[in-house]
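Q: In case it helps, this note's numbering puts the sequence shown at residues 440 to 557.
None of these hints come from the bench; they were simulated from the model. Using N, Cα and C, we set each Cβ at its ideal position, and we do this for glycine too. Accuracy of the hints is not assured; some may be wrong.
As the list claims (entries may be wrong) - Have a look at the derived ranges for each label pair, beta carbon to beta carbon:
1. Tyr491 <-> Asn464: 28 to 34 Å
2. Gly489 <-> Ile527: 34 to 40 Å
3. Ser557 <-> Gly479: 27 to 33 Å
4. Gly528 <-> Ile444: 15 to 21 Å
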Amino acid sequence: MHKSIALLKCKPGLSREAFIDYYENRHVPLIRSLLPQICGYRRNFIWPEGAYINEAAAERDFDVITEIWFADQAAYDAAMALSALPEIGGRIAEDEENFLDRSHTRMFVVDEHISDFS
440 MHKSIALLKC
450 KPGLSREAFI
460 DYYENRHVPL
470 IRSLLPQICG
480 YRRNFIWPEG
490 AYINEAAAER
500 DFDVITEIWF
510 ADQAAYDAAM
520 ALSALPEIGG
530 RIAEDEENFL
540 DRSHTRMFVV
550 DEHISDFS
C-alpha cells in the first residue's frame, strides 16, 4: 500500500458542521469520481476541546487529517498525473475553494506502520 496524509484547514467563517457536511457529501464523491486509483479515503476531523497541546508547540493550523491509500506507487503516480491535468485539478481546486483555506494545505507521502495489539 502507498499512503498520503493531508492536513487541511476549514475556510474562515464556515462552521465545523458545515465544513464536515460539505467535505463528506460534496467533496468526497467528487474526488472518488475523478481519481479512481484511490482505494481508501479517511477523514479525521479535529475536536479542539480536550486536545493535548504542549505549551511550546506551534498553533494548530488544520482542522482535518485526511488519509488516502493507493494500491501501489503506480496507482499513486497515476492519480497525481490525473490531478495535474487542468480539467481535473481545476475541478478539485474549484471545489476546495468552497470549504477549505487552501493556503494552509499540506500533503505528505508516508510509510505506514501498524502495530497489532490483538
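Q: Confirm or reject each hint.
A: Hints and how they fare:
no.: 1; hint: Tyr491 <-> Asn464: 28 to 34 Å; verdict: holds, 31 Å
no.: 2; hint: Gly489 <-> Ile527: 34 to 40 Å; verdict: holds, 39 Å
no.: 3; hint: Ser557 <-> Gly479: 27 to 33 Å; verdict: violated, 21 Å
no.: 4; hint: Gly528 <-> Ile444: 15 to 21 Å; verdict: holds, 19 Å
Going down the numbered hints, you'll see the structure goes against just number 3.
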